[in-house]
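Protein chains in written order, with the UniProt record's numbering: chain A, 1 to 345; chain B, 1 to 345; chain C, 1 to 345; chain D, 1 to 345.
Please keep in mind that the hints were generated in silico from the structure rather than gathered at the bench. Heads up, some of the hints might be wrong.
Identical copies look the same in the list; a pair holds intra-copy or inter-copy alike.
[Claimed, not checked] With a cut-off of at most 20 Å between alpha-carbon atoms, the simulated EDC-like pairs for lysine to aspartate or glutamate come out as follows:
#1 Lys303 <-> Asp168
#2 Lys104 <-> Asp137
#3 Lys270 <-> Glu121
#4 Lys263 <-> Glu43
#5 Lys263 <-> Glu53
#6 Lys111 <-> Glu300
#7 Lys111 <-> Asp124
#8 Lys263 <-> Asp116
#9 Lys67 <-> Asp137
#10 Lys270 <-> Asp124
#11 Lys270 <-> Glu142
#12 Lys86 <-> Asp224
#13 Lys66 <-> Asp190
#14 Lys303 <-> Glu121
#15 Lys2 <-> Asp68
#16 Lys270 <-> Glu53
#17 Lys55 <-> Glu339
#18 Lys111 <-> Asp299
Protein chains: 4
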Amino acid sequence: MKVSIIGASGYTGSELMRILMNHPQVELAHLTARSLAGEIIAEHFPIFTGYLENKTFVEMDLDQIKKDSDVVFICLPHGHSMSMAKELLGSVKVIDMGADFRIKDINTYEKTYQVDQLAPELVDQAVYGLTEFYREDIQNAELIANPGCFSTNALLALMPLVKNNLIDPQSIIFDAKTGISGAGRSANVDNLLAELGNSFKVYNPLGHRHIPEIEQELNFQSSDPTMIQFTPQLLPTERGIYSSIYANASQETSTEALHDLYKDFYAGEKFIHILAPGQFPNLKAVKGSNHCHLQIQFDERTKRILVFSSLDNLMKGASGQAVQNMNLMFNFEESLGLESSGLMP
Amino acid sequence: MKVSIIGASGYTGSELMRILMNHPQVELAHLTARSLAGEIIAEHFPIFTGYLENKTFVEMDLDQIKKDSDVVFICLPHGHSMSMAKELLGSVKVIDMGADFRIKDINTYEKTYQVDQLAPELVDQAVYGLTEFYREDIQNAELIANPGCFSTNALLALMPLVKNNLIDPQSIIFDAKTGISGAGRSANVDNLLAELGNSFKVYNPLGHRHIPEIEQELNFQSSDPTMIQFTPQLLPTERGIYSSIYANASQETSTEALHDLYKDFYAGEKFIHILAPGQFPNLKAVKGSNHCHLQIQFDERTKRILVFSSLDNLMKGASGQAVQNMNLMFNFEESLGLESSGLMP
Amino acid sequence: MKVSIIGASGYTGSELMRILMNHPQVELAHLTARSLAGEIIAEHFPIFTGYLENKTFVEMDLDQIKKDSDVVFICLPHGHSMSMAKELLGSVKVIDMGADFRIKDINTYEKTYQVDQLAPELVDQAVYGLTEFYREDIQNAELIANPGCFSTNALLALMPLVKNNLIDPQSIIFDAKTGISGAGRSANVDNLLAELGNSFKVYNPLGHRHIPEIEQELNFQSSDPTMIQFTPQLLPTERGIYSSIYANASQETSTEALHDLYKDFYAGEKFIHILAPGQFPNLKAVKGSNHCHLQIQFDERTKRILVFSSLDNLMKGASGQAVQNMNLMFNFEESLGLESSGLMP
Amino acid sequence: MKVSIIGASGYTGSELMRILMNHPQVELAHLTARSLAGEIIAEHFPIFTGYLENKTFVEMDLDQIKKDSDVVFICLPHGHSMSMAKELLGSVKVIDMGADFRIKDINTYEKTYQVDQLAPELVDQAVYGLTEFYREDIQNAELIANPGCFSTNALLALMPLVKNNLIDPQSIIFDAKTGISGAGRSANVDNLLAELGNSFKVYNPLGHRHIPEIEQELNFQSSDPTMIQFTPQLLPTERGIYSSIYANASQETSTEALHDLYKDFYAGEKFIHILAPGQFPNLKAVKGSNHCHLQIQFDERTKRILVFSSLDNLMKGASGQAVQNMNLMFNFEESLGLESSGLMP
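Could you put together the complete structure from these sequences and hints?
Here's what the structure looks like:
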């Protein structure tokens, strides 16, 4: 199968290449990067030494891409995928790594991202690529709106509670910490190692753009509307998301009961793991892998439910989940190419 | 003035030495460390090269310490200071860096720390060393119970809200992240760089021992009892505490109004800073300093008040505040020896 | 094929498990760890969640291991493998991760490691597992002495020069920097994150035990005896070795000529890469992979040859190379289970 | 005394502000930064919160600076200070943090830095600000060429050997590792935390611009011309330089004899420390301080002398040494404002 990546020189693009170059069913076709066209990829990203050795970044040529590809991953900032997807669909399947098709309500999309929705006819057709929840739709999809990294982290952690009405849906607090690759690969003094090394800081605590995406998906499952308090924070490390999630229990429960619920809910899932009682997620344990580690606790004193959720923002939070979706769309084993564990020490 | 430190080879002890060796009014007397007695301090802690060059750690000799000291800092795990303080008081002033005298309710202390209170007669005499709130008591104190690092962080952030009844006192969530020096200086596989480097993880999320300390101090100021949800988490860096604090506003308010309130509340305080709107604390900015940086926001959507609070766990969270208290007890300028800013980059 | 690991709870042991649990030809049998016997491995090493889920560490039972295994990896400190290998050989093949069989000269071994050589009859039989240089011997070996991490790094970098008499063999300087996992997984105050975070330091610069091992292997290829100056240094990161190697050129040469030589020398090698001129190894590019990245330069001004060499101390420097050797010993594809690239960002 | 800083928004500029804001004899006048003119410094560099609270960056106005200053620090890239110094001298003293006046040979300067020397008449007048070696000249200087960070590190380590003819001057290898702040504060993808975190790499190993500066100063003291092999490498941390230096001993010596020599050579120096035998510099021990830590060893086996040298690139390697020079120029205590130790943990 032939795969092209538009915008291959950013972090989600390079992560897709890292996964797909070892995927037994995939041949990489066009790997576009406007500013680096003609450069040898392995000299730019040294992890590809010995893998993509002589392959170069190329200019984007949509006509050629349509001819040479079965599926195209679009790794561009929001606003760029709408017209591109219109042109590609019909010829190839499309997995959009950006936000253009995640929000079903067009007003909400336009208000949140401050751009016009140029492909409203595709919004309903697009399948939200949260694999564990839309598996069947994904198998038949032509266009995937791959979820945001924070959204994946929040939704995997909260869905069992929301679907079962176990929490006050207005009480959710999502305190999330991300590695710096979430900020993308652009020259910015604020993201220098000299600035961020050993730092920790909150950014944009009230208005992060993943809020409507998370609330949309929770609301699809919740009997009452949800409202999340979302605080994104930057960790001084390259990758990973770790969140501490708080919600008021709607009824007395127990840690044991919640464990049973989550284990049932995610039974058979290869990438979602409920850790043993007393074991808490460790960010590093999921780095480089497509796994999500969860721990759940009921605090008898405060009557709150706490969920701790950890995943790799570039894997299950972006490119790993996208490949998981691709596998479904092409009837491959869902975990193909995604077998690696995290790396410790 | 002569100062002795009991337990000088841990991180709060070495931080006291770092501050006091440059303090213009202080001469260091006994620096005890049982397991390192006789060793040259500067060979063990290389930052002291050129400062304490020939000074060695010594065995603890309380009689001699009483003769040779005006004030003694006790840097030992909880449970050890009670009898020691009894013996020292009368001859010298005592600043206890541990938890033995922080909790006024003896049952609560004994239940929390799983030891007997051996000096109940000293508990009321001990002044809780949260400098900005007990300044006058500290000036006259013989015995200081120096606050816990998390407690200082939480209390400085929450006091203006609690004292002014601006939040639901049962709704407080204290999501705190600490550098690893908070775990102390003992050989432990879990705290190796190979284990913790690039990691992030929660530990003991429901039962941290600073909860009763924080609630005690908030309750002294609150018309209704407070209950805090406290989640301690480990950052992959050496020092610093950063917390995101959430509480339901008891009435409509605004970020501006809250800024005014905090600026009034902490007017004239040299070490407490309300950052400009839009500027968020950065952990690194306070490292090595005695400052606490605060940012406050009202979320109109969720009706919550958010406070972000950052300080150095070894400075304002421990040894820096202890020296601030010592300065008050001996009528020195309160900031003497504590003038340094953080270090960036 | 059945594989057992003796001493599976250290870093080389856990790295072997990480590789082998996804190896298509391997079934893990005994995973011994004295102090952790009975504990679930995945609760101790969270990267194994979802992989070794219910497997536990076990006590070592050599008789049972002989029955249940085709090959045994011994991951113990030097001094322990000699008698163990004697007992195991005949029944199973053995790959010793330690130093016991690396040094052919028994006096040198005993002097260097301060223990008696208890199995002198096995020393000659043991094949030094530097795969690229002893491939045929390894295919027929019953006992592998897997090379030290620094030794592998130095030898891969220097062999083309030494074999071709391009340098003064007495002029070699090996300035090597290693991630902290090289120090092993034992409780030690010096290796705490609070101590090592953001640090850099040399240790034991004149007498590292890998010196005789490196010189032995160089001398096998050199017409004149070699002498290396070896300076080991600790990087504040978990894994990886990076070295800068200096030697006086024995004759005028050029960077281009050296590149040609190295490319020839390592032609067809899957794991050894000569980077393009102007591109220098980046430690991170090889982390988690079995690759070694090399850059070579001739300095016309100083007439020195410089080699920069980077690999992952736990992979090509230990467990990865050991699996590469195991693959050869059992006629599998040499790179089986070792296909992963490094991880960036 | 009034001090102005031209180019105050880079790392050497901010470090000067950090030192000077607490310097008892200094009042900060103009703090220029073209692109940030009008911005509040403390909102840009949060460590200045509570110190420079309302001070803003300003545009550069040389006439006004001459009127308002006693000394001006120029923190600009090379090439900019030559004409500026010409205009300022006569009215004020100048300390140039860049390279424009470091190289006495004008051809060498122009070839190395690829710019014309616009103020050749000032080159001889400029005093090279390596404090411990040019103390008397500095006291009388109008113009200081403050040394490069690597140069300071190398020269402090090598001078005792070179001056005493203890090494072959053609055999010097300077393997140096620097924190990333040495690369300056400009937007550059290569210096992002996502790129550099946990990395280590060599850059520009044959042609670093500090080579002629180091050789010039060594040659002033050496009977025979020196040639250094200089390999700069990037550590994944914010600040600090650590070097391992190798040279062939010109005669048999001993570690003890070398220690005696260095201790004599640097007797009375407040910022240069010869560590005890067996104790090696630790990068972190000097961070934030003006100290340089040295260890020296004679390797009996290889007949080489090894020197390990560590300092903070922004302090003794730049701004700290510049203030040390300023103190001399204005007859203040040489260590005024520079009393801080490093920070550990």
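Going down the list of hints, with the structure as the test:
1. Lys303 <-> Asp168: both (11 Å within a copy, 15 Å between copies)
2. Lys104 <-> Asp137: Within one copy only: 15 Å inside a chain, 60 Å across chains, cut-off 20 Å.
3. Lys270 <-> Glu121: Classified as neither; 34 Å inside a copy, 49 Å across copies.
4. Lys263 <-> Glu43: Close across copies (17 Å), not inside one copy (45 Å); limit 20 Å.
5. Lys263 <-> Glu53: between (43 Å within a copy, 14 Å between copies)
6. Lys111 <-> Glu300: between (40 Å within a copy, 17 Å between copies)
7. Lys111 <-> Asp124: For Lys111 and Asp124, the Cα distance is within 20 Å only inside one copy (18 Å; across copies 58 Å).
8. Lys263 <-> Asp116: The answer is neither: 41 Å in one copy and 42 Å across copies each exceed 20 Å.
9. Lys67 <-> Asp137: neither (26 Å within a copy, 50 Å between copies)
10. Lys270 <-> Asp124: This pair counts as neither: shortest intra-copy Cα distance 28 Å, inter-copy 47 Å.
11. Lys270 <-> Glu142: neither (24 Å within a copy, 38 Å between copies)
12. Lys86 <-> Asp224: neither (35 Å within a copy, 59 Å between copies)
13. Lys66 <-> Asp190: Classified as neither; 38 Å inside a copy, 33 Å across copies.
14. Lys303 <-> Glu121: The answer is neither: 45 Å in one copy and 36 Å across copies each exceed 20 Å.
15. Lys2 <-> Asp68: within (7 Å within a copy, 44 Å between copies)
16. Lys270 <-> Glu53: Answer is between; shortest inter-copy Cα gap is 12 Å, intra-copy 32 Å.
17. Lys55 <-> Glu339: between (25 Å within a copy, 18 Å between copies)
18. Lys111 <-> Asp299: Classified as between; 18 Å across copies, 38 Å inside a copy.
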